[in-house]
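K.L.:
This is what each chain is made of:
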Amino acid sequence: MNLLWDWLSDPANWDGPYGIPVRVVEHLGYSAVTLVLAALIGIPLGLWIGHTGRGRVLVVNLVNGMRSVPTLGLLFVAVLVVGPLLGGDIAFLVPSIFVLVVLAVPPILAGAYAGVEGVDPGARDAARGMGMRPAEVLVRVEVPCAMPLIFSGLRSAALQVVATATLAASVSLGGLGRFLIDGQAYRDYGQMAGGALLVAALAMLVDLVFAGVQRLVVSPGLSPVRATRRDRRRQPTGVLDAAVAHQT
Amino acid sequence: MISFTDVTKVYPGGTTAVGGLSLVAPTGKITVLVGPSGCGKTTSLRMINRMIEPTSGTIEIDGRDTATLDPNELRRGIGYVIQSGGLFPHRTILDNVATVPLLLGWSRTRSRQVAAELLERVGLAPELGKRYPNQLSGGQQQRVGVARALAADPPVMLMDEPFSAVDPVVREQLQDEFLRLQAELGKTIVFVTHDIDEAIKLGDQVAVLRVGGVLVQLASPAKLLADPHDDFVADFLGRDRGYRGLAFAAAPELPLRDEPVVLLGSPVADGARIAAGDRWVLVVDEARSPLGWAEPEVLTGVIDRHHLHRGGTVARLGGSLRAALDAALSSPSRRGVLVDDDGSLVGTVRAQDVLAAIERRPEGAPA
Amino acid sequence: MKWFLGHLPQIGSLLLNHAVLALIPLVVGLLLAIPLGWLARRYRLLYTPLIAGTGLLYTIPSLALFILMPLILGTGILDPLNVVVALTIYTVALLVRTVADGLGSVPDEVLQAATAMGIGRVRRFFGVELPLAVPVISAGLRVAAVSNVSIVSVAALLGIPQLGSLFTDGFARDFVDPIVVGIIACMVLAFALDLSILGASRALTPWLRTSRPAVGRAA
Numbered sequence: 000m001n002l003l004w005d006w007l008s009d010p011a012n013w014d015g016p017y018g019i020p021v022r023v024v025e026h027l028g029y030s031a032v033t034l035v036l037a038a039l040i041g042i043p044l045g046l047w048i049g050h051t052g053r054g055r056v057l058v059v060n061l062v063n064g065m066r067s068v069p070t071l072g073l074l075f076v077a078v079l080v081v082g083p084l085l086g087g088d089i090a091f092l093v094p095s096i097f098v099l100v101v102l103a104v105p106p107i108l109a110g111a112y113a114g115v116e117g118v119d120p121g122a123r124d125a126a127r128g129m130g131m132r133p134a135e136v137l138v139r140v141e142v143p144c145a146m147p148l149i150f151s152g153l154r155s156a157a158l159q160v161v162a163t164a165t166l167a168a169s170v171s172l173g174g175l176g177r178f179l180i181d182g183q184a185y186r187d188y189g190q191m192a193g194g195a196l197l198v199a200a201l202a203m204l205v206d207l208v209f210a211g212v213q214r215l216v217v218s219p220g221l222s223p224v225r226a227t228r229r230d231r232r233r234q235p236t237g238v239l240d241a242a243v244a245h246q247t
Numbered sequence: 000m001i002s003f004t005d006v007t008k009v010y011p012g013g014t015t016a017v018g019g020l021s022l023v024a025p026t027g028k029i030t031v032l033v034g035p036s037g038c039g040k041t042t043s044l045r046m047i048n049r050m051i052e053p054t055s056g057t058i059e060i061d062g063r064d065t066a067t068l069d070p071n072e073l074r075r076g077i078g079y080v081i082q083s084g085g086l087f088p089h090r091t092i093l094d095n096v097a098t099v100p101l102l103l104g105w106s107r108t109r110s111r112q113v114a115a116e117l118l119e120r121v122g123l124a125p126e127l128g129k130r131y132p133n134q135l136s137g138g139q140q141q142r143v144g145v146a147r148a149l150a151a152d153p154p155v156m157l158m159d160e161p162f163s164a165v166d167p168v169v170r171e172q173l174q175d176e177f178l179r180l181q182a183e184l185g186k187t188i189v190f191v192t193h194d195i196d197e198a199i200k201l202g203d204q205v206a207v208l209r210v211g212g213v214l215v216q217l218a219s220p221a222k223l224l225a226d227p228h229d230d231f232v233a234d235f236l237g238r239d240r241g242y243r244g245l246a247f248a249a250a251p252e253l254p255l256r257d258e259p260v261v262l263l264g265s266p267v268a269d270g271a272r273i274a275a276g277d278r279w280v281l282v283v284d285e286a287r288s289p290l291g292w293a294e295p296e297v298l299t300g301v302i303d304r305h306h307l308h309r310g311g312t313v314a315r316l317g318g319s320l321r322a323a324l325d326a327a328l329s330s331p332s333r334r335g336v337l338v339d340d341d342g343s344l345v346g347t348v349r350a351q352d353v354l355a356a357i358e359r360r361p362e363g364a365p366a
Numbered sequence: 000m001k002w003f004l005g006h007l008p009q010i011g012s013l014l015l016n017h018a019v020l021a022l023i024p025l026v027v028g029l030l031l032a033i034p035l036g037w038l039a040r041r042y043r044l045l046y047t048p049l050i051a052g053t054g055l056l057y058t059i060p061s062l063a064l065f066i067l068m069p070l071i072l073g074t075g076i077l078d079p080l081n082v083v084v085a086l087t088i089y090t091v092a093l094l095v096r097t098v099a100d101g102l103g104s105v106p107d108e109v110l111q112a113a114t115a116m117g118i119g120r121v122r123r124f125f126g127v128e129l130p131l132a133v134p135v136i137s138a139g140l141r142v143a144a145v146s147n148v149s150i151v152s153v154a155a156l157l158g159i160p161q162l163g164s165l166f167t168d169g170f171a172r173d174f175v176d177p178i179v180v181g182i183i184a185c186m187v188l189a190f191a192l193d194l195s196i197l198g199a200s201r202a203l204t205p206w207l208r209t210s211r212p213a214v215g216r217a218a
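These protein sequence lines are chains F, P and E, in that order.
So for the first sequence, numbering that gives the first Met the number 0 puts the first residue at 0; every next one is plus one.
So for the second sequence, numbering that gives the first Met the number 0 puts the first residue at 0; every next one is plus one.
So for the third sequence, numbering that gives the first Met the number 0 puts the first residue at 0; every next one is plus one.
Think of the hints as simulated: they come from the structure by calculation, not from any bench.
No incorrect hints appear here.
Some chain F residues well away from chain P (every beta-carbon gap over 10 angstroms; in silico): (1) Leu7; (2) Gly28; (3) Leu36; (4) Arg53; (5) Leu85; (6) Val93; (7) Leu197; (8) Leu207.
Label-pair distances were calculated between CB atoms; the ranges are: (9) Thr204(E) to Gly87(F): 52 to 58 angstroms; (10) Thr57(P) to Thr204(E): 51 to 57 angstroms; (11) Pro133(F) to Tyr10(P): 17 to 23 angstroms; (12) Pro133(F) to Gly13(P): 23 to 29 angstroms.
Residues from chain F that face chain E, not an exhaustive set, calculated with beta carbons under 8 angstroms: (13) Arg66; (14) Leu73; (15) Leu158; (16) Val161; (17) Leu179; (18) Ala192; (19) Ala195; (20) Val198.
Think of the CB as a built atom: it goes at the ideal place given N, C-alpha and C, for glycine as much as any other residue.
The task is simple: from the sequences and hints, build the whole structure.
P.N.:
Quick look at the structure:
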């Protein structure tokens, strides 16, 4: 405990190009880039699958299959295979981001898909019956109603990405994972534990931010607190469960 | 006016949902499509706003072939109410109702204003407008569904079992208010139900469909009850057809009797004196509205509200034979109470007199 | 392939380590999650704090949790116990909610019928509620099992031997074969665990196997 405290309270560790603030920014940078890329792929695809009903089997299998792939192994293979083709600094960065995106897409895809699929068929029917065009049905009814699940998909993905970005240090990238890996190499437990504590805090903070944004963006009419017991039971769970499991 | 000409719907796989349907839903009237499940009633309804495209045949609204119109434009001009309500859970009640006006490009202020007026019209308190659908009861949600369909004041309304998901008491309330609303608005309505009692209560005309979407009989409710086309229709209509048919027969001049009355709160002794040997005496309020029957010989003190026997129904003068007969049959004194339009007592009638009036009708005449 | 055949015994022993590290937390986690889930269900006030609290633990990245474990347990950084406890925490975090929801999925009518027949509370739990919640709980358990297998491999970064060691060895020697073998072995192990749980769940719920009423078929 003392080692941990010493490391955290040493001003030297909070300063310079390898200090804690820089590492935090790096960590958040990798995570943000990954999440944006994964959302750009996963959300439209999920909405399309949910809207058309095509490719449902693909989503379920993809989500279940990806969970069984060990992240660390995937990361190493990507760096060893893709890295030499690129060379330089990006030899580690590109394959790492690629693996992070690959891991983040399934939960986002599943959330968007399950969200749209779970929209009350009556609401969809009524929207069509009022003369909304297919795109209007999607934008005005399906997407807003799917928001809670789209968000839980994004939240799962964000946690997964923050966690996996920690591992990226083992392929010589920056981020908070550096402290864990370097501490290990130098047998400096204080640095390891300090880094670990920071990673844990960052993950919780990210989750909290997402929860807050979700509150702002999702219509109060969709909040489960107000829903009746029966409505809550009707929420689709199969793929959602998959979207929630996100650890690496 | 909506007219079906030889409309057929065959689903991929070969099931015929609707087979050669021809019928006319007249302007300003309620046409009810009724039949067992699989009779194609919902399919027929949904072909009107082209939620389902017919395989063959034409559907015209006021002489315009719907197939030639843009389906979305067509739908914006037709009110559509479905069983589950189909409210948008993410929008407030007010915004739900304002959906079609907004789609039509009305300003937000005007759309909301119209929506607020409609909420009141369907019997919902204005403050409910700020709530979300999941905070409303099933009956309230259905009212919102009706208000939403009415929002752009469409001449035509399609209603697919709108009242079947609520409990019987609420359903009856919604039906009564729906009829009151229709009396004011005079929309051209096509209404789908599987409940024959609802069909008879609401329809100006009722179309009975058989499995495979075949029209078996199209007639007024009275005609349907008096003269079912075949065994299928007769079975579907069920029992007590003669009695239920009386609901559509206006009572002719009935021999009314003056009924001695006593005011609520009078001493029981007065009641006994007025009853003059009869066991029952009719109790009224200041406005001569009948409140119930009292039995003076078992009472003491003054005649109080909780003394009243409330079994008797009250019929309106000029109402149906069924109401008059029921008033007589349900009254403990066997004298049926008749009131005028303001609810004041005009007299009583005995079952035998109503029966005599029924007997006097020409044979075979339903109404 | 050649590398794989030449190192079979080593791979076998790593696989065994991996399986043990993944399985123990699964069993312990389930045993802890059942009473916690029951509490969350039984006392409504406890539901939110329990679910939120375990959910919060779940957000901690695995490598960080492995490293923080010695602070709490007083173990050495290389002690496999760190991995076991950390994974148990994840398993509990995932399963408390599942158990609570699974118990909640049992229809009220069934519970009332059981009570009306004079079945006591404890008996009702083990005889009625828990068996009926098996499908939901086993779905959660399958998710936990598969992610546990994946997470265990991360401990290789700390030098705890299991299939993940193939990743670190391969990476250190710039040699892809062991990494690919390790990935495949991990996936096979995950798949085997998944199937075993599915099989066990099916065996425990014979009433779900007759998915259609027999009447239609017999006619």
